[in-house]
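**Q** The hints should help you fit chain B onto chain W, whose structure is shown.
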Amino acid sequence: MGDSQYSFSLTTFSPSGKLVQIEHALTAVGSGQTSLGIKAANGVVIATEKKLPSILVDETSVQKIQCLTPNIGVVYSGMGPDFRVLVRKSRKQAEQYHRLYKEPIPVTQLVRETAAVMQEFTQSGGVRPFGVSLLVAGYDDNGPQLYQVDPSGSYFSWKASAMGKNVSNAKTFLEKRFEGQISGKNIEIGIIGTDKKFRVLTPAEIDDYLAEVE
Amino acid sequence: MQIFEYNGSALVAMVGKNCFAIASDRRLGVQLQTIATDFQRIFKIHDRLFLGLSGLATDAQTLYQRLVFRHKLYQLREERDIKPETFANLVSALLYEKRFGPYFCQPVIAGLGVEDKPFICTMDSIGAKELAKDFVVAGTASESLYGACESMFKENMEPEELFETVSQALLSSVDRDCLSGWGGHVYVVTPTEVKERILKGRMD
Numbered sequence: 000m001g002d003s004q005y006s007f008s009l010t011t012f013s014p015s016g017k018l019v020q021i022e023h024a025l026t027a028v029g030s031g032q033t034s035l036g037i038k039a040a041n042g043v044v045i046a047t048e049k050k051l052p053s054i055l056v057d058e059t060s061v062q063k064i065q066c067l068t069p070n071i072g073v074v075y076s077g078m079g080p081d082f083r084v085l086v087r088k089s090r091k092q093a094e095q096y097h098r099l100y101k102e103p104i105p106v107t108q109l110v111r112e113t114a115a116v117m118q119e120f121t122q123s124g125g126v127r128p129f130g131v132s133l134l135v136a137g138y139d140d141n142g143p144q145l146y147q148v149d150p151s152g153s154y155f156s157w158k159a160s161a162m163g164k165n166v167s168n169a170k171t172f173l174e175k176r177f178e179g180q181i182s183g184k185n186i187e188i189g190i191i192g193t194d195k196k197f198r199v200l201t202p203a204e205i206d207d208y209l210a211e212v213e
Numbered sequence: 000m001q002i003f004e005y006n007g008s009a010l011v012a013m014v015g016k017n018c019f020a021i022a023s024d025r026r027l028g029v030q031l032q033t034i035a036t037d038f039q040r041i042f043k044i045h046d047r048l049f050l051g052l053s054g055l056a057t058d059a060q061t062l063y064q065r066l067v068f069r070h071k072l073y074q075l076r077e078e079r080d081i082k083p084e085t086f087a088n089l090v091s092a093l094l095y096e097k098r099f100g101p102y103f104c105q106p107v108i109a110g111l112g113v114e115d116k117p118f119i120c121t122m123d124s125i126g127a128k129e130l131a132k133d134f135v136v137a138g139t140a141s142e143s144l145y146g147a148c149e150s151m152f153k154e155n156m157e158p159e160e161l162f163e164t165v166s167q168a169l170l171s172s173v174d175r176d177c178l179s180g181w182g183g184h185v186y187v188v189t190p191t192e193v194k195e196r197i198l199k200g201r202m203d
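The listed protein sequences derive, respectively, from chains W and B. Number 210 in numbering that gives the first Met the number 0 belongs to position 211 of the first sequence; there are no gaps in the numbering. Number 74 in numbering that gives the first Met the number 0 belongs to position 75 of the second sequence; there are no gaps in the numbering.
Among the clues, some could well be false.
What the hints assert, rightly or not - Beta-carbon label-pair distances, calculated as ranges:
1) T61(B) x K91(W): 25 to 31 Å
2) P80(W) x R76(B): 29 to 35 Å
3) S123(W) x Q32(B): 54 to 60 Å
4) P190(B) x L9(W): 53 to 59 Å
5) E114(B) x N165(W): 47 to 53 Å
Stated by the list, open to error - From chain B, some residues computed to sit far from chain W (all C-beta separations above 12 Å):
6) F3
7) Q64
8) V67
9) A127
10) E142
11) Y145
12) M156
13) P158
Hint data in this document are derived by calculation from the structure and do not stem from the laboratory. For every residue, glycine included, the Cβ atom is placed at its ideal position computed from N, Cα and C.
Bound-form chain W, shown alone (with noise of 0.2 Å):
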């Protein structure tokens, strides 16, 4: 950021030792729509609830998982415009890995660079941090991976984990209030198994899967 104006970092230490904005991103996310994955044996599963403003939005518009890399894929809890730059980034990265070694970039080489870049959001002139915590689900020759990725650009491998509202009752949350509630055009569930492709599940058959399930 060039304007001497905003050569400061806005993310500045509170006497405490906290980042203050950071804190702040945290509660954005933690005031997101719900978001988690699982790690299997074989593959890995993430998802998020997809509850739009009214029911006069297209929901064939909005995508909340998106591909990184055909085996790599991601979700948010948080602010979806933040996400859609992240996504944009974090897919140049892998791509720019692809150009120098002709190889896919492993799922935690892609994590690593991500989390830097939300870093570089907590300590440069001018901007805040990502107001988005990210699911990510790969499936590379390390087996299946669950990464979260926070504002402060910290990451966690997870065999499990959920973010967004209701984080700690997630599980419980979804079977109660939402039971019989639950149909293809309100959630979406990305899937990667060890094809190693990620793709995310049409509305159709999450409908097959929930029918199964009751």
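**A** Frame of chain W; chain B shown alone:
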């Protein structure tokens, strides 16, 4: 004065049965004057990947240092050794970055890939890769090397026979080239060990 023939060099890599051999001459010259007879042209990147660099010696040394630098960072980040095919792509990308002011080198890459499958390739000074299943050659003696390898090569040679073949091909080719020679340096790499040998040929 041709820049690629300033120092003189001869490099060859050959594929055997679950093994490969990479060999070079040992002469370092300044045009017709011989400066050193123990010059190192083949470098180890890791236990299963070797890089030979022919052409201008200063560029070969700098390029080697840059590649080792990149590989060390790769090892730290990815916590594994780089695969030969991946390394070849990295070298190709690095060379093309200098498209309009290139390194005057021709690399020869030889390594054991997944499941110990031997991999060899060479490329020109701006990164055009040339993969081969049998052998690759580079340097001022390359034309003689092509002929010698073509006639002496057999598929699926065991390490000992591969060593003999590579050595004979190298020594007979450098004898026809005044800018390379003064012995040979041969590495034969199998999944379990690396055998390094020095050859004594016509010392001229």
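**Q** Give me the numbers of the hints this structure contradicts, sorted from smallest to largest.
**A** none
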